[in-house]
Amino acid sequence: MKDSWDVIVVGAGPAGSTAARFAAEGGARTLLLEKHPVIGYPLCCAEAISTSGLRRVVEPDPRWINCKIERVHIYGPNDSHAEIYHPDAGYILERKIFDRALAEKAAEAGAEIRVAHDVIGLIEGKAGFEGVVARNNGHERKLHGRVVIAADGIESQVAIMAGLKAALKPSQVHSAYQYLVSSPEIAPETLEFHLGTQFAPGGYIWLFAKGGRLANVGIGVCPTKTPKKKAAQFLDEFVRRRFGKIGIIERMTGGVPTYLPDLPLHKKNILLAGDAARVIDSLSGAGIANALLSGMLAGQTAAAMAKGEGDGKAYQDAFYRIKEKELNFYRRCRQLFLKLNDKDIETILRFADDMFSGRTIEGINPVEIVRKILLSYPRLMTLGRHLLF
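Sequential numbering of the sequence shown, starting at 33, is according to the numbering used here.
Since the hints were derived computationally from the structure, they do not count as laboratory data.
As the structure is a computational prediction, the values presented were derived from the model and not from experiment.
Please note that the accuracy of each hint is not assured.
[Unchecked claim] With a cut-off of at most 25 Å between alpha-carbon atoms, the simulated BS3-like pairs for lysine-lysine come out as follows:
1) LYS277 to LYS242
2) LYS345 to LYS371
3) LYS345 to LYS355
4) LYS371 to LYS357
5) LYS128 to LYS242
6) LYS260 to LYS201
7) LYS261 to LYS371
8) LYS174 to LYS300
9) LYS128 to LYS100
10) LYS174 to LYS261
11) LYS262 to LYS371
12) LYS355 to LYS375
13) LYS261 to LYS242
14) LYS345 to LYS261
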């Protein structure tokens, strides 16, 4: 078997498979490695993505779209709530099929894919890293590559082995727990959120309809806000109150990182993409769209680097030209959110309901919405003045 490629991508999630596809389309001999024996499993993901975030990189395919997202319902303390109608907001994916479809696109572009290959080391050379060491069926093998793309998720071992400071503090990660449930009490094409200390201190509970009777019901909380109670306990209490007895088809758990502005997206000839790069919406925990974008740009840059053109800084600059302001804004929003009490949440939701009720929304400017909310309430302005100035 050959053991030398232009580009080696570690991790076959949305970021990795997209990176492999675009590297191969750019003419690079590309190898995609996935440590699990099956692409798309296991995962911890609510499976929602905005229309713009998806279509920037790949067109929707009915094979892996469960349903459209048209409505958002947000519930808070004391019966406060807000409803938003946005008929082209986004989609609920079937990630098991979606991830495999992205890997298929990489293979069709010419990338070689190997599953059950766990990367356990990097090959260091004088000018940078010269590839990876992978273990498969107990056997270790050196795989040489001119560029390595680390798309190996929140626990990225490649980033750690490369010496990048990607470690997360407890306050920089959300503990997430989710059920796939079957119930008749689910509004179609709707995202439902529940906020407040009763439901999820420092986070939220979500209920995302997947079509038919299925839905993802999950929770994400900041561990430092819930030292005496686990995320799963909050979720179980919500499920009992909302549904009573219910059929739980799947359970999944995991961590969701927040954005780290000081983490470089590259080191020598290693590029980071997706959760490994911490390019996450820190407020909502959404990461699929940024994974796709970072994967596309990393793959394109890696193909150029394999030809002796460009470098890791070019990739980082390209990504941040599009996303840096947004990522920093949501990071600061999360800092504000963690300071809110239930009365603040109630105030915000009543304001939002007045703003959106009875309207059809074609697009949302989150910066402008937050600005209006803060300027309307002195206490929130005090807490969130760093968002405006």
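We went through each hint and held it up to the structure:
1. A hinted pair counts as satisfied when its Cα atoms are at most 25 Å apart, and LYS277 with LYS242 qualifies at roughly 19 Å.
2. Straight-line distance between C-alpha atoms of LYS345 and LYS371 comes to about 35 Å, which puts the hinted pair past the 25 Å bound.
3. A C-alpha spacing of about 15 Å is found between LYS345 and LYS355, which places the hinted pair at or below 25 Å, so the restraint holds.
4. Restraint check for LYS371 and LYS357: the C-alpha separation of about 22 Å stays at or below 25 Å, so the hint holds.
5. Restraint check for LYS128 and LYS242: satisfied, since their Cα atoms lie roughly 13 Å apart, inside the 25 Å limit.
6. Restraint check for LYS260 and LYS201: the C-alpha separation of about 18 Å stays at or below 25 Å, so the hint holds.
7. Of the supplied pair hints, the one linking LYS261 and LYS371 holds, its CA atoms being roughly 19 Å apart against a limit of 25 Å.
8. Under the criterion of a C-alpha separation no larger than 25 Å, the hint pairing LYS174 with LYS300 is consistent with the structure, at around 19 Å.
9. Straight-line distance between C-alpha atoms of LYS128 and LYS100 comes to about 17 Å, which keeps the hinted pair within the 25 Å bound.
10. With a CA separation close to 44 Å, the supplied pair LYS174 and LYS261 exceeds the 25 Å bound.
11. Under the criterion of a C-alpha separation no larger than 25 Å, the hint pairing LYS262 with LYS371 is consistent with the structure, at around 20 Å.
12. For the given pair, LYS355 sits about 32 Å from LYS375 by alpha-carbon distance, which is inconsistent with the 25 Å threshold.
13. Only pairs whose Cα atoms come within 25 Å are accepted, and LYS261 paired with LYS242 is rejected, the gap being roughly 29 Å.
14. At roughly 42 Å between alpha-carbon atoms, LYS345 and LYS261 are farther apart than 25 Å, so this suggested pair is violated.
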